[in-house]
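Here the protein sequences come in this chain order: A and B.
First residue of the first sequence: 1, per my numbering; consecutive thereafter.
First residue of the second sequence: 1, per my numbering; consecutive thereafter.
There's no promise every hint is true.
[As the list claims (entries may be wrong)] Cut-off 30 angstroms, straight-line C-alpha distance, at most; resulting in silico cross-link-like pairs (DSS-like, lysine-lysine):
# : chain 1 : residue 1 : chain 2 : residue 2
1 : A       : K145      : B       : K145
2 : A       : K387      : A       : K352
3 : A       : K32       : B       : K32
4 : B       : K387      : B       : K193
5 : B       : K320      : A       : K145
6 : A       : K112      : B       : K193
7 : A       : K145      : B       : K193
Rather than coming from a laboratory, the hints here were simulated on the basis of the structure.
Number of protein chains: 2
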Amino acid sequence: MPVGIVVQKYGGTSVADPERIRAVAERIVAAKEAGNDVVVVVSAMGATTDELVDLAHQVCARPAPREMDMLLTAGERISIALLCMALIDRGQEAVSLTGSQAGIITDTTHGKARIVDVRPFRIHEEVVAGRVVVVAGFQGVSTDKDITTLGRGGSDTSAVAVAAAVGAEVCEIYTDVDGVYTADPRLVPDARKLAEVTYEEMLELAGSGARVLQVRSVEFARNHGVTVHVRSSFNSGPGTRVVEEDKAMENAIISGLAHDTSEAKITVHGVPDRPGIAARIFQELADNAVNVDMIVQNTSSDGRTDVSFTLPTDDLVTGKAVIEAVCAEIGAAGFDVEDDIAKISLVGAGMKTNPGVAAAMFTVLADNGVNIEMISTSTIRISCVIKAADLEIALRAVHARFGLDGSDAEVVFG
Amino acid sequence: MPVGIVVQKYGGTSVADPERIRAVAERIVAAKEAGNDVVVVVSAMGATTDELVDLAHQVCARPAPREMDMLLTAGERISIALLCMALIDRGQEAVSLTGSQAGIITDTTHGKARIVDVRPFRIHEEVVAGRVVVVAGFQGVSTDKDITTLGRGGSDTSAVAVAAAVGAEVCEIYTDVDGVYTADPRLVPDARKLAEVTYEEMLELAGSGARVLQVRSVEFARNHGVTVHVRSSFNSGPGTRVVEEDKAMENAIISGLAHDTSEAKITVHGVPDRPGIAARIFQELADNAVNVDMIVQNTSSDGRTDVSFTLPTDDLVTGKAVIEAVCAEIGAAGFDVEDDIAKISLVGAGMKTNPGVAAAMFTVLADNGVNIEMISTSTIRISCVIKAADLEIALRAVHARFGLDGSDAEVVFG
């Protein structure tokens with residue numbers, strides 16, 4: 001077998017202190033000694049990014065986005081240098097590259113830039129010279145030659161983009177969990193680690209609150225056909241592979257259950273039921289950068305209707321101000337806010353061909369006394385908004401009903 | 001008067017915390033509002049560089065120099081970003097540039113690179129657009145496209161180099177002292193701030209232990225004719241101007257007294273008095289990167305001689321090991337080490353035409369019971385190595401003898 005390039009990405013927890021950095025260096029050396037060329041992407045150490053954000057807010061209330069990017073990119077600069085020192089000390093030639101040196105070109109949107117190109121000339125040069133290349137995640141250089149960041153979790157995207165550009169065999173994402181689980185093991189004791197998920201399932205899980213991979217990195221991997229392998233940086237377990245549907249070994253109907261407690265719900269009452277009114281509400285929210293997730297509009301009877309939507313709790317202050325103004329303009333009756341909600345999402349590629357899944361999910365929730373406040377679905381996902389207090393019972397009941405603990409591989413619906 | 005460019009450099013103490021960063025921003029805005037274009041060079045905040053060095057040593061004992069530079073340059077990245085945030089928050093458009101973005105090109109010597117060129121295209125662009133440009137000091141990009149640092153105190157050199165490249169009217173070095181003094185005011189209560197010193201005097205003072213400016217920055221200023229102005233970042237006092245000799249307003253015979261307690265002395269006994277032996281000793285030391293300062297060789301009587309030299313205390317461990325080996329090879333009798341020494345240096349451009357200065361200095365030291373262990377001179381400097389315990393009495397006596405307190409402008413020698 002010819003030598004292949006393996007891209008390994010280590011998150012902030014994996015490089016949180018000098019001891020862990022040395023442990024990561026050992027793992028990299030092992031991969032190199034196994035005959036692979038290794039390109040590594042790292043995040044900033046532990047809480048560094050949070051500390052830098054805090055420092056910026058001590059200087060002023062609204063730091064300029066371009067300067068915030070200049071500031072935050074110091075974080076990965078520190079971790080790439082320290083990791084290379086550990087590798088070189090261990091006898092492995094290594095070289096650190098900033099996002100800019102690694103050829104990661106982005107658009108000019110500071111704070112959440114998108115990668116537009118990766119020009120891996122220098123990476124290739126260094127790999128050919130036998131060195132391990134350690135690339136700063138989360139950062140790039142814009143088409144205007146300014147330093148940019150990709151937004152929180154952006155290091156996953158950096159790793160996948162580098163893997164695609166260098167034609168890596170696999171992009172290994174090392175993290176502080178063992179892989180992708182059928183549900184959060186802290187809430188569902190029977191949760192089982194998955195050996196594989198498809199890109200689509202992973203996208204839905206990540207978009208529904210599973211924190212193991214960042215949504216954009218999964219999109220990027222799917223679009224460029226990069227095999228992603230989620231593994232623990234603290235043990236040598238097999239982890240979870242994220243692959244194309246037709247390459248998946250097992251084809252479970254349901255893959256997993258994600259949940260999200262970071263959202264709140266706003267219901268606008270007595271909205272005049274005329275064309276353009278809903279557009280008005282959500283355009284105002286979008287203009288104020290409020291990220292709306294689910295939207296439900298009840299059937300109208302008397303020319304007026306209720307519109308409910310969920311939004312991140314972080315956006316709640318802005319969201320309430322926007323809705324207060326809009327209510328007056330459109331002549332709505334008023335609005336109320338619920339912030340003690342949770343969303344549970346059942347995800348599985350097999351759902352497409354099994355129409356009974358939704359009904360089975362609603363039934364098991366009802367049987368356990370859990371009231372459903374909102375429902376939204378995609379072809380491979382069903383999400384329900386419930387009371388936060390019902391979260392644990394709901395997760396456990398749905399997890400058991402669909403045999404996610406592995407006890408019952410063949411689940412019959414309908 | 002046409003608008004001129006002023007370069008201002010702020011050291012680590014001046015930007016040590018968010019409050020001081022805001023104060024520096026105020027000072028910059030004042031300079032800009034006075035009608036100048038302002039280019040700022042900053043060091044890393046307070047103890048940042050030391051903390052990063054410490055972190056590196058927690059990872060391994062001998063960090064690779066290239067990676068050390070990658071690590072340390074995170075420090076100024078943080079300070080330039082925070083200072084720009086403060087300026088923008090204050091309503092002043094500003095843009096931070098790394099050494100690389102500012103066009104500071106160096107050789108490839110990691111840890112103590114030399115600036116080979118400054119290509120200020122981007123600085124000019126931003127200045128023309130009305131922005132304050134904040135450049136990261138201490139760092140550059142090498143001709144091999146790697147990140148380099150200029151060594152401790154290198155931010156002064158960055159500032160002078162940028163000032164020369166943009167044709168600045170003046171390079172203001174803001175620091176935590178009021179200017180250049182006739183002696184260290186903590187040891188000599190009568191010490192007086194100088195309004196002006198010449199490049200040559202400043203070079204000798206800096207080279208003899210005065211910490212206010214870094215030697216290389218003064219050399220650079222002299223070679224490129226940059227007027228340097230040392231000022232306090234905590235008050236608006238007039239500071240000290242460093243100028244060419246023929247531009248100096250006052251021409252005191254003696255300008256100041258510097259001291260250095262960071263050196264130790266090694267004496268090699270019974271060295272065979274043959275050609276090439278001294279060369280052998282000092283070549284070995286140079287090959288091991290030991291920085292030798294003063295060298296004294298006693299007259300030989302019996303075919304053997306004693307050789308003494310001073311070296312930084314930091315190099316003492318290496319220096320002793322080298323000398324131990326060399327002693328055996330050349331058949332010397334042995335060596336001893338003294339680390340409780342101090343060096344005092346009297347500096348003044350007028351010394352050239354006043355041959356009595358040296359004798360007057362030795363006399364006042366003898367009169368005060370201070371024994372001189374070694375002597376070295378240049379055309380405008382006389383340095384004496386004495387016991388560290390005698391430092392304060394020696395400084396005060398010499399300071400008074402040469403009228404440096406201003407009480408006696410006309411001092412007669414000989």
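Quick rundown of the hints versus the structure:
Restraint check for A/K145 and B/K145: the C-alpha separation of about 15 angstroms stays at or below 30 angstroms, so the hint holds. For the hint pairing A/K387 with A/K352, the CA-to-CA distance comes to about 28 angstroms; that is within 30 angstroms, so the pair holds. Note on A/K32 and B/K32: the hinted pairing is violated, with a Cα-Cα distance of about 54 angstroms set against a maximum of 30 angstroms. Of the supplied pair hints, the one linking B/K387 and B/K193 holds, its CA atoms being roughly 27 angstroms apart against a limit of 30 angstroms.
This hinted pair does not check out: B/K320 and A/K145 have alpha carbons roughly 50 angstroms apart, beyond 30 angstroms. For the hint pairing A/K112 with B/K193, the CA-to-CA distance comes to about 51 angstroms; that exceeds 30 angstroms, so the pair is violated. The straight-line distance between the Cα atoms of A/K145 and B/K193 is roughly 45 angstroms, outside the 30 angstroms bound, and the hint therefore fails.
Figure legend: structure checked against the earlier numbered hints; hints not met, in rising order: 3, 5, 6, 7.
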